[in-house]
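Modelling step: build the complete structure from the supplied sequences, incorporating the hints.
Now for the letters of each chain:
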Amino acid sequence: MRTWQRPHYLVPDKRWRIALWIAFFLYLIVGIGSIEVNWQRVYEGLERGGRFIEGFLNPNFTRRAADIYSGIYESLTMTVTSTVVGILLSIPFGMGAARNISPKPIYLFCRSFIAVSRSMQEVIVAIFLVALFGFGAFAGFLTLTYATIGFLGKLLAEEIEEIDKKQLEAIASTGASWLQRMHIAIWPQVMPRMIGLSFYRFDINFRESAVIGIVGAGGIGATLNTSIDRYEYDSAGAVLILIILIVLACEYLSGWIRKWVS
Amino acid sequence: MLKIEHLKKRYKSGPWVLKDISFEVPDGEIVGLIGPSGAGKSTMIRCVNRLIDPSEGNIQLDDVSLSSLSSSKIREQRRHIGMIFQEYALVERLSVMENVLSGRLGYLSFWRSFLRRYPQEDIDNAFEYLDRVGLIDHANKRADELSGGQRQRVGIARALAQDPRLLLVDEPTASLDPKTSRQIMRLIQSICREKALSAIINIHDVPLAMQFVDRIIGLQGGEVVFDGKPDELTEDVLTRIYGDEDWTDVKPDDEDDEQESEEAA
Amino acid sequence: MGELEQKLVWESHTRRKAWTVWGFWFSIVLLTVFCWLEMTEDTIWFFVYDAPVQAADLIDRMFPPEWLYINKLYKALWDTLNIATLGTLLGVILAFPVAFLAARNTTPSTKFVRPIALFIIASSRSINSLIWALLLVTILGPGILAGIIAIGLRSIGFVAKLLYESIEEINSTSVEAIESTGASRFQTIAYAIIPQILPAFLSITIFRWDINIRESTILGLVGAGGIGLFLSSSLNVLAWPQVTLIILVILATVVVSEYISARVRSLLI
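Taken in order, these protein sequences are the chains called A, B and C.
The first sequence: position 9 = 8 (numbering that gives the first Met the number 0), numbered continuously.
The second sequence: position 254 = 253 (numbering that gives the first Met the number 0), numbered continuously.
The third sequence: position 242 = 241 (numbering that gives the first Met the number 0), numbered continuously.
Hints listed in this document are in silico derivations from the structure and should not be mistaken for laboratory results.
Warning: the hint list may mix true and false statements.
[Said to hold, decoys possible] Straight-line alpha carbon distances no greater than 25 Å define the calculated SDA-like cross-link-like pairs of lysine to any residue that follow:
(1) K194/B / S64/B
(2) K153/A / K74/C
(3) K13/A / F126/B
(4) K140/B / S171/C
(5) K153/A / S256/C
(6) K110/C / D52/B
(7) K74/C / Y26/A
(8) K18/B / K228/B
Structure below.
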């Protein structure tokens, strides 16, 4: 008679496994214990929750039709401009942040610019830009552009760093200038992925444009914020459904265009 | 005894993949199913354990009609039919032992199998089968650490763990080198002999089939075009199954094989 | 003759292609210019020109940061961590069944159940956690519970999408093999599917946790608890030195969580 126990490959030592599980449950108890809930308030809120679900299933597009229309319109124009400008600016920043092709001071500057953009939430950036540029779509445009530079710049820099150095040298040895080298050796390799990611970023920018409106940076977020604040859940539901539909349309369109490009 | 009567299969409204196939496999007989790709071999054996539902006809194992069972009842019958696959089809991230024990799933409740609480008898048997296929030292390795031949042995042990009455074998050697192929075929053959198991083996390597099976069924375009002993498989017959080709090379090489058995021993 | 004809056909083909490509880029430029004009219609350019001056003034007021304020932030950081972690757990638990209902090879019905699962995924992905939080605060009242649920709801779509894609990519013959032993549907999932997707699942979860840490730092802006609550109140009273410190703390948290997530994921692979 031989006994058999299931071997564990991830954490082979039994004591470690037990310790990890205990730690996990301890955290769960302490963490859940730290939630302070005002049950009275939740109970009162349930009715509103029901109304939200009702409003989402039964959206009212007409009451705030003008606000909704201008908000969506502004969100879309912000998204288009910020995505295009962001892509264009991400090219110099991305090349600057690639260790193998740019001088040290430029590399450090571009890297930190990108790093800050990536770690800062769009909403926080928007708060500052609204303080500097005033309320409205322009601050939102700048926020989304900045975020786009961080997102695409980092990916571009990584792609360039990964590209086979030999290929770059082979072209350099023909006496090509720096710009020619960029154009011939790097661009064709980076281009296809960048197109796909740009569409992906367009999609993200639209979703973010719905959020930064909450802090005054233009777009549909402001409309959404007021409807929710006034408990007009049917209007809020209408806005949310529009956002979902537009995001779905973007995804569908980008899939189609990517197929068409390749 | 497996009895197949007037089996037909088509996918949706496509062409007939199997056109009226009938044959019987008595207990303990090893049948080789040969034929060109697309002849319907793979569909044929998958119809037996209902991984694919046949369109028409009757399939009967002993006294149960497999083809008419509801999908919940078929599970009970699948336990009695072991299957061995071309690409081994192990769950690569599970241990060798878990792969063998998974042959017992049809006999176990969900929670027992989920918590790996197998009856001692199953565990004892699983070790015995692993020993039989020569992998007793690898029980706790992960399946993806094994070589192709070793993985196929685990696949055999899994089928054995089901305590089957019939083995379905789908191209067992297609992913293996010639020497390992022979070892695997010999293992399947000797296990069938020991347990008086009947088996249907899909195989495209004709010489290998002729060497290890009792009977050969040739399939062509979804129809049985040959059914007989391996030594009745003449050039004429092969041409009927596969089309025109020079068949003089296709002869089992006994000398070579003896040499190999010595090596293995 | 034939060759010439072929050449002509080929030329006109490439020429048409060149025209389409050109038209594509031109329409993008046109669209951008149009959007730019529309967007900046209401922009007050005086504010824009004045921004550098404002920026200099703001930076002057923001520094030095009020370092001692950190003592008030520990509890808020702990809350932020809890919002992200418990929210991730909630999201993952809900995403798991949704992924199985959405994957083509495991869904009980492609006509009925799968579209519903895909709709859940799309809605959750399209709506930012801050918007969920905004809604939930009006329903549940302010506090970290609203934050946890907001993070959970947003995570469902992300986790379920990546998970169902990895379910669709699994080796299907292993599934066939387990089915052929007479295993039930749930046994097949437990033996053939879960072992194959487990590494991807853990990696997706930790990746999402990292993103959730980032998102939970701002949920306080709408009252859903965590360090964002302090950011919001400092902004309201224009206490810029405090704002600077809070942003530094948020940046540090994000960097640490990114490091942890990258380490754990590299251990998993």
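Here is what the structure says about each hint:
Taking the CA atoms of K194/B and S64/B, the gap is about 23 Å. The hint holds against a cut of 25 Å. Restraint check for K153/A and K74/C: not satisfied, since their Cα atoms lie roughly 33 Å apart, outside the 25 Å limit. Only pairs whose Cα atoms come within 25 Å are accepted, and K13/A paired with F126/B is accepted, the gap being roughly 23 Å. Of the pairs offered as hints, the one joining K140/B and S171/C holds, with about 22 Å between alpha carbons and a cut-off of 25 Å not exceeded.
Restraint check for K153/A and S256/C: the C-alpha separation of about 19 Å stays at or below 25 Å, so the hint holds. Between K110/C and D52/B, the direct Cα distance comes to roughly 21 Å. Compliance with the 25 Å bound is thereby established for this hinted pair. Restraint check for K74/C and Y26/A: satisfied, since their Cα atoms lie roughly 15 Å apart, inside the 25 Å limit. Straight-line distance between C-alpha atoms of K18/B and K228/B comes to about 23 Å, which keeps the hinted pair within the 25 Å bound.
Hint compliance for this structure: hint 2 is the single one not met.
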